[in-house]
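Working from the sequences, and respecting the hints, build out all of it.
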Amino acid sequence: MKLTTLMTSAAMVLGLATGAMAQDKTKVGFVFVGPVGDGGWTYEHNQGRLAVEEEFGDKVETVFVESVAEGPDSERVMTQMALDGADLIFTTSFGYMDPTINVAKKFPDVKFEHATGYKRADNVSTYSARFYEGRAIQGHIAGSMTESNIIGYIGSFPIPEVIRGINSAYIHAKKVNPDVQFKIVWAYTWFDPAKEADAAKVLIEQGADVVLQHTDSTAPQAAAQEAGNVITFGQASDMAQYGPKPRVSSIIDDWAPYYIERVKAVMDGTWESTDTWDGIGPGMVGIGEISDAVPANVKEEALALKDKIASGEYHPFTGPINKQDGSAWLAEGETADDGTLAGMNFYVEGIEGSIPE
Amino acid sequence: MDLSAINPLLFVAGFLVAATPLIFAAIGELVVEKSGVLNLGVEGMMITGAICGFATAVETGSPLLGFAAAAVGGAALSLLFAFLTQVTLANQVASGLSLTLFGLGLSALIGQSYVGIKPPRLGDIDFGPLADIPVIGPILFTHDIILYLGIALVAGVWAVLKFTRAGLILRAVGESHDAAHALGYKVKRIRTAAILFGGACAGLGGAYISLIRVPQWTEGMTAGIGWIALALVVFASWKPWRALLGAYLFGGITQLQLNLQGAGVAIPVEYLAMSPYIITIIVLVVLSADKSAAPASLGRTFHASN
Numbered sequence: 461m462k463l464t465t466l467m468t469s470a471a472m473v474l475g476l477a478t479g480a481m482a483q484d485k486t487k488v489g490f491v492f493v494g495p496v497g498d499g500g501w502t503y504e505h506n507q508g509r510l511a512v513e514e515e516f517g518d519k520v521e522t523v524f525v526e527s528v529a530e531g532p533d534s535e536r537v538m539t540q541m542a543l544d545g546a547d548l549i550f551t552t553s554f555g556y557m558d559p560t561i562n563v564a565k566k567f568p569d570v571k572f573e574h575a576t577g578y579k580r581a582d583n584v585s586t587y588s589a590r591f592y593e594g595r596a597i598q599g600h601i602a603g604s605m606t607e608s609n610i611i612g613y614i615g616s617f618p619i620p621e622v623i624r625g626i627n628s629a630y631i632h633a634k635k636v637n638p639d640v641q642f643k644i645v646w647a648y649t650w651f652d653p654a655k656e657a658d659a660a661k662v663l664i665e666q667g668a669d670v671v672l673q674h675t676d677s678t679a680p681q682a683a684a685q686e687a688g689n690v691i692t693f694g695q696a697s698d699m700a701q702y703g704p705k706p707r708v709s710s711i712i713d714d715w716a717p718y719y720i721e722r723v724k725a726v727m728d729g730t731w732e733s734t735d736t737w738d739g740i741g742p743g744m745v746g747i748g749e750i751s752d753a754v755p756a757n758v759k760e761e762a763l764a765l766k767d768k769i770a771s772g773e774y775h776p777f778t779g780p781i782n783k784q785d786g787s788a789w790l791a792e793g794e795t796a797d798d799g800t801l802a803g804m805n806f807y808v809e810g811i812e813g814s815i816p817e
Numbered sequence: 003m004d005l006s007a008i009n010p011l012l013f014v015a016g017f018l019v020a021a022t023p024l025i026f027a028a029i030g031e032l033v034v035e036k037s038g039v040l041n042l043g044v045e046g047m048m049i050t051g052a053i054c055g056f057a058t059a060v061e062t063g064s065p066l067l068g069f070a071a072a073a074v075g076g077a078a079l080s081l082l083f084a085f086l087t088q089v090t091l092a093n094q095v096a097s098g099l100s101l102t103l104f105g106l107g108l109s110a111l112i113g114q115s116y117v118g119i120k121p122p123r124l125g126d127i128d129f130g131p132l133a134d135i136p137v138i139g140p141i142l143f144t145h146d147i148i149l150y151l152g153i154a155l156v157a158g159v160w161a162v163l164k165f166t167r168a169g170l171i172l173r174a175v176g177e178s179h180d181a182a183h184a185l186g187y188k189v190k191r192i193r194t195a196a197i198l199f200g201g202a203c204a205g206l207g208g209a210y211i212s213l214i215r216v217p218q219w220t221e222g223m224t225a226g227i228g229w230i231a232l233a234l235v236v237f238a239s240w241k242p243w244r245a246l247l248g249a250y251l252f253g254g255i256t257q258l259q260l261n262l263q264g265a266g267v268a269i270p271v272e273y274l275a276m277s278p279y280i281i282t283i284i285v286l287v288v289l290s291a292d293k294s295a296a297p298a299s300l301g302r303t304f305h306a307s308n
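Just so you know, the protein sequences line up as chains A and B, in that order. Quick note, the first sequence lines up with residues 461 to 817 if you use the working numbering. Quick note, the second sequence lines up with residues 3 to 308 if you use the working numbering.
It is worth saying that the hints were derived from the structure and are not from the lab. One or more hints might be untrue.
[Said to hold, decoys possible] Label pairs and their in silico Cβ distance ranges:
1. A/Ser787 to B/Tyr273: 24 to 30 Å
2. B/Tyr273 to A/Asp533: 24 to 30 Å
3. A/Leu763 to B/Ile127: 35 to 41 Å
4. A/Ala788 to B/Asp128: 44 to 50 Å
5. A/Ala788 to B/Pro270: 57 to 63 Å
6. B/Ile127 to A/Lys783: 38 to 44 Å
7. B/Glu61 to A/Asp544: 38 to 44 Å
8. A/Asn782 to B/Gly139: 46 to 52 Å
9. B/Phe129 to A/Asp544: 58 to 64 Å
10. A/Asn782 to B/Ser64: 52 to 58 Å
11. B/Ala184 to A/Asp544: 48 to 54 Å
12. B/Tyr273 to A/Ala788: 47 to 53 Å
13. B/Ile127 to A/Lys768: 49 to 55 Å
14. B/Ser64 to A/Ala700: 26 to 32 Å
[Unchecked claim] Computed from the model, here is a short list of chain B residues facing chain A with C-beta under 8 Å:
15. Ser115
16. Gly118
17. Gly254
18. Gln257
[Said to hold, decoys possible] Stretch by stretch, here's where chain A covers chain B in the computed footprint (C-beta under 8 Å, at least three residues):
19. 15 to 28
20. 232 to 244
We put the beta carbon where it would ideally sit given N, CA and C, even for glycine.
Next comes the structure, spelled out in C-alpha cells:
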C-alpha cells in the first residue's frame, strides 16, 4: 500500500515535471492543404516552419499535418493540435477560415493565424500576401510575349484572392497588348497534378502560348515544357527547375519572417490579433529571377514595374478601371481600397466569361 | 463562346490519355475483387508505382523499364497487403486503408530527390500509313504502347474471366471460397496471385501519370484517382468492358468540361466541374439494372478451418 502510494506520487511528480518542461517549449502547429513536397504553396509554408525551428532551436517545437481537406475535417485536425498543447496554430488555406474560427472559440488560450481569409477574433489573426502585385508583373511579361494573344489561366476556386490575381494580370497584359484575350479554366482544386496538367494542355490546345496558374503543383510547368513553345510563371514558389523556359519568372511567397515574428510574439506574450497584408515592398512577395527567354527590354520594364510597386509609387489597381459590365469602378488616378480588394468578386472590363458562384 | 477553339482530334486523343491510369487501376482492382478480396490500397499502390516508374525511367533513361519497375513496385506493395490479409487474416478494409497511407509516405520518401526532373519521353508507336488516315489516324494511331496495353488488358481480363478455366476458378474463389476450397483449389494462393496482379496494374496506372500524363514527380500526385478507380469497379458491376466505358466516360467528360470552360461556354462552371462524376455514375447505374451482384465472398476472410 505504502509502496503504491509512493509510486503514484512519484509518477505524479514526474508527470508534473515533464508537464512543466513542456511548458517551456512553445508549440507551433501548421495545417497544410497539400503535401510539403508540392513544389509550390505548401512547400513555401513549410520552409517558413523550418525557418522558425532554425531561429528558435530548442525553445520551439513545430508540428504539421499535410494534405488536410478544406472543410470539416480540418476542424478535427486543428482541434487535435490544440488538445495536444499547441500554443499557436497556422492554418494555411482559404478554406480553413470557418473551421479556424470555430476551433478558436473552443480554445480561447490558443492563438490562431489564418492565411488569406478575412474573419478575425480575439485569438485569430489573419495574414496574407499581396500576390496581385506579382501578378501585375506576370501580366506585363505575358502580354508582351504572347504571339497568339491568348493567355491561359488555371484558377483553383473562385475566391477573391484568385479573382484579384486574374484581374491584376489582365489589366497589365492589356496595357501592353490591347488584343490580349484571357481563357480561364477553373480546376476546383488546389492540388491535383494530373488535373492541373490536363487544364494546361487544354489551354495550350486552344491556342494559349502563356499559361498562368493559381494552383499549387508544378504540373502545369511540366505540361508546358512538354508542349514546347509556351511560357509559364512559378506560382507561390520559384519553380526554378522549369527555367529558363517554360518558367520565365515567378511569384515567391516568403512566410519565414512573418512566422518568426509571430512565434516570437507568443513567446514574449505580446501576441495580438492583427491583420497583415504585405506585398513586394516588405518582402512577403518575391519576384523570381526573370529568365533570358524574356526579351531584354521587357525584362527591364518588368523590373521597373516591380520597383515602382515596391516603393508604393504605383498601385496595380489604379484607375481608370471599369467593372466587367462596363460600370465605373475606379476613376482616373484613383487606387483600390483594401476592403474592396479583399472581397473582390467581379472581373474588370474586357475579361470574358462569368465568375462561378 | 467559341467552340471552334476546341480541336476534336486533340480532345479525343487527350481523353484517351486521361482515362488510361483509371483503366489500369480499375481493371486490376476488378480482378482482385472478383477473387473475393477488397483492396482499398489502390491509391497507395498507384503512387508507389508512379515513383518507382519515374525513378527507374530517370536512372536508366528507358521509360519502358520504368513501367516494368512500376508494375514490380505496385506488386511488391500489394504483397504486403496479401501477407496481412491472407496469412495473418487481418481485416481487409483496415489493411487496404493502411496500405494507401503507407504508399503515400513511402513514395514521398523515395521521391525526395526526383522533384523537378524531366523524365525520358516514351515515343508514340509508328503505325506508318495508318496514322495518316484522316480523323481516325490522329485519334487512334498516335499513342504510346502503354495506352494500347491498357485496352488489351481489359480485353484479356474479360476473355480470361469469361472463357477460361483459370477465370472460372478465380470467380469460384470469389463467389464461395468454402466451396472452392472443398473442391481442392488453393484459395489463398489464388487470391494472392490476384492481389499481385492488381498491384502491378495499379503501379502501371500510377506510372502512366508520372511518366506520360503530367510528366513529373510530385508528392501525392495521384490525388484520389485510385479512389475513383475503386468506385468505378463497383459502378461497372465488376464487368471489364463497363469499367473501360466508365473510365472513358469519366476521362472524356473531365476533358470536355475543361475544353468547354476554355471555350467560354455559357454553362455554369460548377455544373461542368461536377459533370464527370454525375454522368459516369448515372450511366453505369442505368447499365447495371440487370442486377449483377458483387462477388459473394467479397471482403470476407478465408481460413481453411471455417
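Structure-inconsistent hints, enumerated in ascending order: Those not satisfied are hints 3, 4, 5, 6, 12, 15, 17, 20.
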